[in-house]
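Peer 1: Chain residues, written in single-letter form:
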Amino acid sequence: MTLRLLAIALRNLFRARRRNALAGGSMAIGTAALVVASGLSDGITHQLSDNLIAVQTGHLQVVVRPDDFQSQNNPFDAYGQDQLPEADALARRIESDGRAAGVVRAVPYLFVRGSAVAGSRSSVAWIVGIAPSREPELRRMQRETSGRFLPETDATAVYVSEVAARKLRLGVGDAVSFVVQTPQGSVNSLDATVCGTFRKGAPWFDNAFYITLAAAQALVDWPGGATNVKVLLSDGSAAALAQARRCVERSVAAAAPRPLAKNTALKVESYTEAGRFSYAIIQANEAALVMLSGFLFAAAGVGVVNAMLMSVRERTREIGTMRALGMRRSSIVRLFVLEGLALGIASALAGAAAGAAVVLYWAAAGIPMHAAALSWMAGGDVLYPALRGWSVLRASASIAGLSTLAALYPAFTASRLEPREALHHA
Amino acid sequence: MPRAASRLRRSALVAFALVAPASGRAAEPDAATILRRADRAVLGESAAYTLRMTVLRPNKPERIVEMKGWKKGEDQGLVRYTAPAKERGTAYLRSGENTWLFLPSAEKVVRVGAKQNFGGGDFSNADIFRLSLIKDYDPTLAGQETVEGQDCYRLELKARDRQVAYDRVVYWVRRDGTFYPVRADYYTLSGKNLKSLLVSQPKPLGGRTRPTLMTMESRVDEGAHTRLEFLTIQDDPRLDERLFSPGALERGE
Numbered sequence: 001m002t003l004r005l006l007a008i009a010l011r012n013l014f015r016a017r018r019r020n021a022l023a024g025g026s027m028a029i030g031t032a033a034l035v036v037a038s039g040l041s042d043g044i045t046h047q048l049s050d051n052l053i054a055v056q057t058g059h060l061q062v063v064v065r066p067d068d069f070q071s072q073n074n075p076f077d078a079y080g081q082d083q084l085p086e087a088d089a090l091a092r093r094i095e096s097d098g099r100a101a102g103v104v105r106a107v108p109y110l111f112v113r114g115s116a117v118a119g120s121r122s123s124v125a126w127i128v129g130i131a132p133s134r135e136p137e138l139r140r141m142q143r144e145t146s147g148r149f150l151p152e153t154d155a156t157a158v159y160v161s162e163v164a165a166r167k168l169r170l171g172v173g174d175a176v177s178f179v180v181q182t183p184q185g186s187v188n189s190l191d192a193t194v195c196g197t198f199r200k201g202a203p204w205f206d207n208a209f210y211i212t213l214a215a216a217q218a219l220v221d222w223p224g225g226a227t228n229v230k231v232l233l234s235d236g237s238a239a240a241l242a243q244a245r246r247c248v249e250r251s252v253a254a255a256a257p258r259p260l261a262k263n264t265a266l267k268v269e270s271y272t273e274a275g276r277f278s279y280a281i282i283q284a285n286e287a288a289l290v291m292l293s294g295f296l297f298a299a300a301g302v303g304v305v306n307a308m309l310m311s312v313r314e315r316t317r318e319i320g321t322m323r324a325l326g327m328r329r330s331s332i333v334r335l336f337v338l339e340g341l342a343l344g345i346a347s348a349l350a351g352a353a354a355g356a357a358v359v360l361y362w363a364a365a366g367i368p369m370h371a372a373a374l375s376w377m378a379g380g381d382v383l384y385p386a387l388r389g390w391s392v393l394r395a396s397a398s399i400a401g402l403s404t405l406a407a408l409y410p411a412f413t414a415s416r417l418e419p420r421e422a423l424h425h426a
Numbered sequence: 001m002p003r004a005a006s007r008l009r010r011s012a013l014v015a016f017a018l019v020a021p022a023s024g025r026a027a028e029p030d031a032a033t034i035l036r037r038a039d040r041a042v043l044g045e046s047a048a049y050t051l052r053m054t055v056l057r058p059n060k061p062e063r064i065v066e067m068k069g070w071k072k073g074e075d076q077g078l079v080r081y082t083a084p085a086k087e088r089g090t091a092y093l094r095s096g097e098n099t100w101l102f103l104p105s106a107e108k109v110v111r112v113g114a115k116q117n118f119g120g121g122d123f124s125n126a127d128i129f130r131l132s133l134i135k136d137y138d139p140t141l142a143g144q145e146t147v148e149g150q151d152c153y154r155l156e157l158k159a160r161d162r163q164v165a166y167d168r169v170v171y172w173v174r175r176d177g178t179f180y181p182v183r184a185d186y187y188t189l190s191g192k193n194l195k196s197l198l199v200s201q202p203k204p205l206g207g208r209t210r211p212t213l214m215t216m217e218s219r220v221d222e223g224a225h226t227r228l229e230f231l232t233i234q235d236d237p238r239l240d241e242r243l244f245s246p247g248a249l250e251r252g253e
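Protein sequence lines, in the order shown, are assigned to chains F and D.
Quick note on this note's numbering: the first sequence kicks off at 1 and runs consecutively.
Quick note on this note's numbering: the second sequence kicks off at 1 and runs consecutively.
Hint data in this document are derived by calculation from the structure and do not stem from the laboratory.
Predicted model, so just to flag it, every value in this text is computed and none were measured.
Some hints could be false.
Said to hold, decoys possible - Taking beta-carbon pairs under 10 Å as the criterion, some of the chain F residues facing chain D (in silico):
#, residue
1, S115
2, T182
3, A218
Stated by the list, open to error - In silico DMTMM-like cross-links for lysine to aspartate or glutamate, where the CA-CA straight-line distance does not exceed 20 Å:
#, chain 1, residue 1, chain 2, residue 2
4, D, K192, F, D174
5, F, K267, F, D82
6, D, K192, F, D221
7, D, K115, D, E217
8, D, K192, F, D154
9, D, K115, F, D221
10, D, K86, D, E66
11, D, K192, D, D161
12, F, K167, F, D191
13, D, K72, D, D240
14, F, K267, F, D67
15, D, K135, D, D185
16, F, K167, D, E222
17, D, K192, F, D191
18, D, K158, F, D221
Ideal Cβ positions, reconstructed from N, Cα and C, are used throughout, including at glycine.
Full structure from sequences and hints, please.
Peer 2: Following this line, the structure appears as structure tokens:
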């Protein structure tokens, strides 16, 4: 019986082509919009998360925090401010202890704020001391646009962002001096030569200068110290992260590096905790997506209800005939619901295909995000949307479900028509 | 008779031994004495003064600020901007280890670091309040040199601990008895000469002759330098302790 009703429903869809095309078209546009919006949101999430994990926090990080630490919700929260002593030994211990828990690599680095001076130009500098050979993910994220990546053993080389290089009029081979105040209070400096430049576009990387970890330790007068140890895992899922976290916490407790500054403690943080700033952007995007979805659903739903009610009105005598011939009310309801479902599925498929095509195009070409506000949001000056099967399925199923639900009211309205009155309807 | 002559000879020898050192050249002062004298060459233990600060940067118009200042001892000082009009009322206070800045536009007093730049120039807050070098540095007399046409003692100053801003200072002080500082080169932990101070233009001011112009040149930022010119100085004025409190800063006292 249901199959017969489905066949009737499909036939009925073609009977009022323009009306159904308009209703279906609005749902297809809604589906496409949802797929594209999900693609943008997924792309932003992917970029921000990847940036955060590769460049700043890893999947987990070990950092020294003051007892009264409060996140300021800015991108620099992830960096520690206090010395993490014996950082290299701690990193190696985490690596060896954590292999079974999926730890791929644990890498110390040192972050310090200072000034960069070149000739008569100067700017704020976020100086990051890294072990270049242990940072392939960072290198992939901050790919060289000129020169070469930071060499492992050159304590006078600096790898600088294009934005900072432009501000200081620096090119490969040019000299730049860094001046910092060490944590104890004295002033120190480093003369360096630019080995290469990179482009990321995310504003919080635009003032970054990468030097070797040894050079940074000498600059801040912290032999063997670092501010962060980032831990990279083979599996970033929630379950794997939780297991690895327990393992890292045990390693940190066992190693107990000392001395720590007064009123501070070693903390193990996940990238979502350490990168609250990025996650605030991701959550804002998701909230915007939910609101957009709500508006789209409302608009599409109204369209479907309207179209179906018009259909019921035009087919009053037909409904009366069907009832007179013995069709039950429930079958009338099912018929209209199936029409709604069929319309919804057809619209969703068309819309999903169109939306996916747009997302795939932009995923290859990239969307420029030149305005500062946009590049903050996207975590870079080009956004590459991401097409995820789950997002397409969710958008399609939502629209098909909406269409089906929207058909319920007209379906019940049709089912309540009395055969005698319906047959006499003019 | 011979005994009397021998006594006379002995007396003459003793008298000569007593007189002889005075008739030769006076001993050179030690490094600490030179540094203490140099620390007092411009401003004494307490002083009230007015000065003009000129900040020069390449490709930018010069910035001139006039200010009034008061100093009491080694760790208390207050400076208030008097010109230009848009900066009038801005004030810096040093008391003990703490430095505060008052911004009249925000009506706020904020703590700032001693090593931060003073007023956007090349002097730090610590330089302006002339914290005693003898307190922070271990001086060694490293010889004599002619600097800026002056015959000078060369002092090597080594920071007493890692909390002092500059790990090393090379300091030249005049040997002519005035102990006027002539030049200071400031070095970072890594041995880089970060900036140099030239002290010049001795002239009568506030009842005695003293250097009145201090020029700080950045050795890292090409072409950047800042001049501090003393316009008036009054030594040992009566200064109320309450002048050197953050509350007084806000009240504009």
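Peer 1: Determine for every hint whether it applies to the structure shown.
Peer 2: Tested hints:
1. S115: At about 9 Å, which falls below the 10 Å cut-off, the nearest Cβ of chain D leaves the hint on F:S115 intact, so it holds.
2. T182: At 7 Å from the nearest chain D Cβ, F:T182 passes the 10 Å test, so the hint holds.
3. A218: holds (7 Å)
4. D:K192 / F:D174: Cα-Cα ~18 Å, so holds.
5. F:K267 / F:D82: holds (12 Å)
6. D:K192 / F:D221: Holds, at about 15 Å.
7. D:K115 / D:E217: holds (16 Å)
8. D:K192 / F:D154: holds (19 Å)
9. D:K115 / F:D221: Holds - the C-alpha atoms of F:D221 and D:K115 are around 17 Å apart, at most 20 Å.
10. D:K86 / D:E66: The given pair, whose Cα atoms are some 12 Å apart, holds under the 20 Å limit.
11. D:K192 / D:D161: holds (18 Å)
12. F:K167 / F:D191: holds (18 Å)
13. D:K72 / D:D240: At roughly 10 Å apart (the allowed maximum being 20 Å), D:D240 and D:K72 satisfy the hint.
14. F:K267 / F:D67: At roughly 10 Å apart (the allowed maximum being 20 Å), F:D67 and F:K267 satisfy the hint.
15. D:K135 / D:D185: holds (18 Å)
16. F:K167 / D:E222: OK: F:K167 and D:E222 at ~16 Å, within 20 Å.
17. D:K192 / F:D191: holds (9 Å)
18. D:K158 / F:D221: holds (17 Å)
Checked against the numbered hints given earlier, the structure satisfies every one of them.
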